[in-house]
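S.K.: Each chain, written out:
There are 2 protein chains.
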Amino acid sequence: MTDEKEQYSDEPSRVRQLVSEFLSGQSETDLEVDGLDVRLTLGADAKDDCAVYDIAAPLTLVVGSDYIRGPRFILHEMGLLSDFDIGYYLVAANVSDIAAMGATPIGVLSVVRYPHELNDADFRQVMAGIHQACTDSGTMNVGGDIGNAERLILSGTALGVCRPGKVLRRSGARPGDLLCVTGPCGLLGAAVAYFPKRDTFPTTLPADAEHRLLHSWKRPRARVAEGRLLARKPYATACQDTSDGLKATIEQIMQASGVGVRVTENNVPVDSAVHMVAELMQVEPLALAMSASSDFQLAFTVAPEDAPSCREEFAAQGLDFIVIGEVTDGDTAELVSDSVSRPLPGVAWKHQKTDISLLAAESPGTQR
Amino acid sequence: MTDEKEQYSDEPSRVRQLVSEFLSGQSETDLEVDGLDVRLTLGADAKDDCAVYDIAAPLTLVVGSDYIRGPRFILHEMGLLSDFDIGYYLVAANVSDIAAMGATPIGVLSVVRYPHELNDADFRQVMAGIHQACTDSGTMNVGGDIGNAERLILSGTALGVCRPGKVLRRSGARPGDLLCVTGPCGLLGAAVAYFPKRDTFPTTLPADAEHRLLHSWKRPRARVAEGRLLARKPYATACQDTSDGLKATIEQIMQASGVGVRVTENNVPVDSAVHMVAELMQVEPLALAMSASSDFQLAFTVAPEDAPSCREEFAAQGLDFIVIGEVTDGDTAELVSDSVSRPLPGVAWKHQKTDISLLAAESPGTQR
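Residue numbers (my numbering), protein chains in the order written: chain A, 36 to 403; chain B, 36 to 403.
Rather than coming from a laboratory, the hints here were simulated on the basis of the structure. Fair warning: there could be bad hints in the mix.
DSSO-like cross-link-like pairs, simulated, lysine-lysine; straight-line CA separation at most 27 Å [to be verified]: (1) Lys40/B - Lys253/B; (2) Lys201/B - Lys268/B; (3) Lys40/A - Lys253/A; (4) Lys268/A - Lys82/B; (5) Lys232/B - Lys253/B; (6) Lys268/B - Lys82/A; (7) Lys253/A - Lys201/A; (8) Lys201/A - Lys82/B; (9) Lys201/B - Lys82/A; (10) Lys253/A - Lys232/A.
Only chain A is shown next, with the shape it has when bound in the complex:
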């Protein structure tokens, strides 16, 4: 057999020979989704114009698309993330939006366009990462678009379903609700701040901290189980994933709900690796943790009286969340610490204008 590293098959061959193992057996599958009657009638293995679902019961369908940055995916360019890893990340990013709505994924479509230089083995790795992330999220890669382009381009769409009307919006937060997050934020942003400048810092991080930063990119987990629990009662009055960073997420929930928030500084979970990167950068750890960072925790609000039973349901599945503040009837986001109040630190993500280096400029220098 010829070495795949030296092979550059055309698109029909890649679909037929390299990808088919990841796509086989999809069609005519009954999907087990919360008792909802959904059947994948034609999957990617059917090689038709579209994927086809047969839906028997009333339900709510959610769908979203996310592009992920190819060449600006700097850790991939540096060789720290593999082709498998970025395929995996593509799916996690798309499924995260489904999780944020409290829905269960029923399929992912992937757009994988590649330059001539991408050989069969590397192409196969991208598709293997996509496949693995779908499997880990309990879903399938049901279609998309494979072909060439000037450079690697990865985009996706995820579909999910939930019981009728049980969808979690960003707009339902009410004054008095608790503001919560499913885990520490900012690891992915800290990784991007650290690795490209690694050699310019006076010291490097311990191996386990570096591993944790990289792992956050390699195997991100969309919070599907958490989202489903939050939609069950529903517990969450508002919910969003933190893929724009925690500060931007909080601001968007505030804006959609017409409320303010008061965040308790000491309650915001900051991973020790983020602490260490902030120290090297000489910025405030909390600011780094809340700034642009495309990780996939869920930020949500819950009525105080519902929080205990919500936590019990989480615990029964080995899950947890952290209360980081409360919703106010104002229109600002404030951070309180030892009865001193100030605006939320960090730089909210705005695409063109976001540069994590702005952190240094805005940081008050109050490192912890």
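Since chain A is already given, all that's left is putting chain B on it; use the hints.
M.R.: Just chain B, lined up with the frame of chain A:
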């Protein structure tokens, strides 16, 4: 007001100020789809993580994704297609896959990533083209991903629904069925073959022929009405859009259905502009018409006894189709002309290896 040609707003501003007029009033819309009970609960105007549909009745859902070539979109690079035009094309390409399944579109998600050089006015034109094409297809741009990238990247996803089990596959063609197409193919491929080399040909085409070639790219029409009619009885035993060119489409239907086809040379509709380009290229017109050309006719098969009433239903809506051959129990595609038979001419689209210039090499030189 500042000139948008000189403005480069960040992504939240673009979404808020430039795009909102195209997205307003979507949420809480009952979609009228063949009596199926589908409601767009959260559209793009809701600015949540996903678009949300509430589905009450049993139905079949179809979904597909198509990326369109940004910088290799050569007619756009040459200034012959505007930013509006490529936004329009993106939607037509995606809705065409829905039409090919016999479904009615219920929404399009668009991924629009742009370089820093794309000013607000040009960005707005891309979104306006997307909006117009959605409107012309009877649907809405319900979400997607807007943001920056190294260069313009356009990708999309379309969703559609049809009555349960009424979906049109590629796999149902049976020997004896008629092979049909909804209109002439190859205009888009001919345009790409002609304009970049326009100055190297001994003559140029008449203005009306040039207009027709360009218009095929500027305002492609996804054959939604035709697909819906073909799914009604259903009339079509197999159906696919011709976005890979007619030859590739026929080969894919053959492969999916396990049949052969016999195409009658004189019945294949060839636009006079395609004829003229083929003459300039010194290739066979039929070969050019059947080769890689990303247009959006539907190729389908229908039982001979169903063809008359199918044609009546088409005519009642001002539509038509052309019978170009028949399905055989063989496994080859042959072209018959005056009782002489030969393989189908043209170069089927295969991404990496497709180059329309191959036509010159494979053409038997039998120009008409």
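S.K.: Evaluate each hint against the coordinates.
M.R.: Hint check:
Among the hinted pairs, Lys40/B with Lys253/B is consistent with the structure: their alpha-carbon atoms are about 22 Å apart, no more than 27 Å. A hinted pair counts as satisfied when its Cα atoms are at most 27 Å apart, and Lys201/B with Lys268/B qualifies at roughly 8 Å. Between Lys40/A and Lys253/A, the direct Cα distance comes to roughly 22 Å. Compliance with the 27 Å bound is thereby established for this hinted pair. Between Lys268/A and Lys82/B the alpha-carbon distance is near 24 Å, which keeps this suggested pair within the 27 Å criterion.
Only pairs whose Cα atoms come within 27 Å are accepted, and Lys232/B paired with Lys253/B is accepted, the gap being roughly 19 Å. Annotation: proposed proximity of Lys268/B to Lys82/A holds, straight-line Cα distance about 24 Å (limit 27 Å). At most 27 Å may separate the alpha-carbon atoms for a hinted pair to count; Lys253/A and Lys201/A exceed this at roughly 31 Å. Under the criterion of a C-alpha separation no larger than 27 Å, the hint pairing Lys201/A with Lys82/B is consistent with the structure, at around 18 Å.
Using a Cα cut-off of 27 Å, the hinted pair Lys201/B and Lys82/A holds, with the two alpha carbons roughly 18 Å apart. The hinted pair formed by Lys253/A and Lys232/A meets the criterion: a straight-line CA distance of about 19 Å does not exceed 27 Å.
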